[in-house]
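Chemist: Spelled out, the chains give:
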Amino acid sequence: MTSFITEAGGATVAASGAPALAWLLIVLPLAGAAILLLGGRRTDSFGPLLATALSWGSFVVGAIVMIALLGLPSDGRSQHLALWNWVPAGSFQLDAGLLVDQLSMSFVLLITFVGSLIHVYSLGYMEHDPDKRRFFAYLNLFVAAMLLLVLADSYLLVFVGWEGVGLASYLLIGFWNHNPAYATAANKAFFVNRVGDLGLSLAIMLMFVTFGKVDYATVNAGVSQASTTALTAIGLLLLVGATGKSAQFPLQSWLGDAMAGPTPVSALIHAATMVTAGVYLVVRSHAIYDAAPNAQLAVAIVGAITLLYGAIVGCAKDDIKKALAASTMSQIGYMMLAAGLGPVGYAFAIMHLLTHGFFKAGMFLGAGSVMHGMKDNVNMRRFGALSTVMKITWVTFGLGWLAILGVPPFSGFWSKDKIIEAAFIGEGIRPWLLGGAALIGAGITAFYMSRLFFMTFYGEKRWEKGVHPHESPLTMTVPMMVLAVGSALLGFVLSFNSMFVHWLAPVVGEHGEEHPVLSVPVITGLTLVLVALGAGYAWYVYGRKEAVVPTLAPEGSLLTRAARADLYQDAINEGLFMRPGIHATRALVFADAKGVDGAAGGLAAMVGGLSSRLRQLQTGYVRSYALTMLAGVVAVLGTMWVMQ
Amino acid sequence: MSALPAFEAVAVDYWAVAPMLVVVAGALLGVLVEAFAPRESRHSAQVALTVGTLVAAFGVLVWRSVNHHSVTFGGSVAVDGPALFLQGALLVMSSVAVLVMAERFGGVGGDAFTPMGASTPGSSQEAAAAKAGYATSEVFPLTLFAVFGMMIFVSANDLITMFVGLEVLSLPLYVMTGLARRRRLLSQEAALKYFLLGAFSSAFFLFGAALIYGFAGSTDLAKIQSAIAQGTTGMDGLLVPGVLLLIIGLLFKVGAVPFHMWTPDAYQGAPTPVTGFMAACTKVAAFGAILRLVYVGVEGSRWDWRLGIAAIAILTMVVGAVLSVTQTDVKRLLAYSSIAHAGFILVGVLAFSKAAVSGVMFYLVAYGFATIAAFAIISMVRQGGSEASHLSQWAGLGKRHPVVAAVFSLLLLAFAGIPLTSGFTAKFAAFAPAVTSGGTAGVLMVIVGVLASAVTAYVYVRIIVLMYFTAAPEAGEGEEVVALMPSIGTTVAITVGVLATILLGIWPGWALDLAGRAAQFML
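Protein chains in written order, with our numbering: chain E, -12 to 631; chain L, 114 to 636.
Any given hint could turn out to be false.
[To be verified] If you only want the chain E side, here are some residues facing chain L, beta carbon under 8 angstroms, derived: (1) Arg181; (2) Ser598; (3) Leu601; (4) Val623.
These are computed hints drawn from the structure, not numbers from a lab. Glycine included, C-beta positions come from ideal geometry on N, C-alpha and C.
Please model the entire structure based on the sequences and the hints provided.
Modeler: Dropping the structure here:
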């Protein structure tokens, strides 16, 4: 099990000692899922606790591996653990193995730690759900798949984890699938993600053709010999995969609807971990992107568009979870932007991903706690003045709010500010556009997050009749407190002496000293001014004592209405892809209106149009079948005769 | 008056062909059992005899035949690695398929076969037969005859022997297609179409064989090969048309486009367990024959006709995948899926390397087991006693029958080629040789193959979504779609299919090794 050494990087060694236990990371939660699903009702009593314990067990293993890695010199931290020889067909070897290195371990700790906290939180949140055993089984399944995704040593195994997290995510979004709207949301996530998955699978295919194998070592080593065209194509296809999973433009439409799932799910999957898989994929493929500047630029552009898009949509949402979802989209846009900036941005992309994982998960859990107290209402126009009755939620949420705004010295400041600085590096118009987008995005973020915060916790009480908000139980508040500590401090700790950048350097490469087009203090100053303006305006409209927040949303300006409708993304998808296809196949597809929803249904409908035409050849008359066969024979023979 | 040359009996290596002899003996016994066994014990006797025969044949194959690689019967039968591998696969798969055919759901749904095949659908004779509780079991000896034909087919080293094998396997299949208990008109129509078009394609095969005889002066694959190697025989114009016609005759059996038209009709009309048997085993046999023909017989001339067959492969993948999108009947959908799979396998065949032979054989095994299990599940899902084959009837099945839906989902994922299922390993094993040794055409075919897989994956995933995320329509009392409780035989068959799907997905090494060691043809 420990005999495999890749030569390509030179730096990767066979795992020994604690890192050789990395397989336990995945096996523990996987065993949990298996026991809970196969054990059936017998495990109802202890199942949730077992799942939580196994998730913590996985975290402990992760911590041990991490400590072992820290004890090694920095060039010995990339360790490969060969698991088994998957397809040993002659010269086409395909191995399954895990790659334990600085990048994957950063993710492992985030996933297991936040994941375990959310298991604990769910013990309280799902306490009265009759099906909570199934819920915990899915959570464990998700953790296992996500760990496989980040620990895989080849793109193919990544794909397995990629599909696995997708599956767990659909199961969890649709967990309350007795509600048809929720089931529809699950379907939508499913179909949009198919488009992304197709991109990833084509990228893997192309890698196989280009490099002969698809493990990281071979691909990274082969980049220097590959043609730029091939690398650009691979990079763009990987980006399609990443946009699907990370809800980036133009495949972003599913994330808002995915909020139908239980809130802990939104916190874990749609804020902290799964949606960041796209960023992981891009950073992991840095060798390809570094050699394909056009693909890299596309990543940055997608990130910049999404960060503004999400921010604008977030300004108009009254549903607290959808506002947070828009914010997630926007923050992942920041990460994508950073990842698209090349070596100067990779480390900050991952650092923002980690800090974001903490503060956004914390805020989602806070939102869950608010909903818990408000009888599952999500409309912020019916909140207000909750700071008086939900003190812990208020304080923990407040720390997350300060962090996402990028107020020093809270976490977000250290990571987001660096991304904005990095975006301003470059020549020509590019730094001004990318940096400008990042800068403006920070201002809008300050406005909409403050709006959310003030509408919920300040102003006057706008509670519905019969609602008596109360603080949530300890199982829910303790995880929130822990995450709040992370929201406050993690950024500073990671930035201390550029610790995290040095830690990741062996994987993603170190960058030299580069100077932004504006000096760093000017950028930081501008950012803080915009943040203060955004937050101040939100205070003026929603927070101060005299502010009046109507309980019914006013009609609003054209832009507000557009933002409220997600900038018409569904309408665009429908008009461009769905309608024409549906017209072509209406009579033929079995459950068009019900079973198949969303944009991707339309993509298939294009194929469907061709399909329905071809189908007419299948007349059922044996004479026409025979004629087709004869025509085929004549065509084949005729062509061959002409060609000779 | 000159004396006739003395008739000399050819030497026969009996151990090499013993499995085939066991099967044909079992089939003949089955005919006697059908005629003479008392009605109440006939069904169980037939099932026991059939499964016993197949298992015994497999035992003989593993015990003795594997050590008797030889070309026997005067060069017309070649028992070599690929022949033994595919015969073994055929024997195991057909015994699993027979277990599904034996399903009677404890008398609730009756078996899948008509009590009186000769009666007109809807006639009074039929009603009387149903009332009297007739049950016939001729499907079992017919299956054995078909398996016998398939075994000849994969080991035929001579065009005439190959043709005999083709007919021996086809004729029982035509009859079996027409035996459905329910929707008998559809079933009989399908059988007739299958028969007519099958006869048509046999004619192509024979025509091709005649042209090749004209070219090489022999129907023996070894002699054809050496004639091609010599370069010219004076009848060179006959070679390429002959080869193409032979291959076309064989491609009909695998359902390659444009010779696929019978497939959806026959798959839909045939009794579902027979469809499973047909889809899995016929494919193995036909691809076995194609492999032998193009790798042993006419390999030397491949540059003259390879592109034509490559075009057929691309067309097959595209049409199979695209047409599966609009299917509303689950059996027809799997029929189009099997067409697409035939295209994928052809991609491997056209790579012309030893690795390709093992990849194709692995693909056939992986696909076969998954297919038999999938059709077994289709035969279990019923509404009001008859099979619920319309897709809309499968909505919400995941909620009522989670295990059945989960198993079916797994099999669909295998068809889609998702990693960690046998479908992925199989596609990998068949496509990889095409990339490395297939040249530009090979790479092109693989790209089309991957795109076509993406289209079919969408179709399969949609069924999964339908089962899990779509609510079942309201149904009256007794009209709900239910999955009947299968008997032990079907349970075993499905379990074998699922285990093979998982095992060949996660741990395919041993099977690939086995296929790799068996990939060398003999002359």
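Chemist: Hints broken by the structure, by number, lowest first?
Modeler: Violated hints: none at all, because every hint is consistent with the structure.
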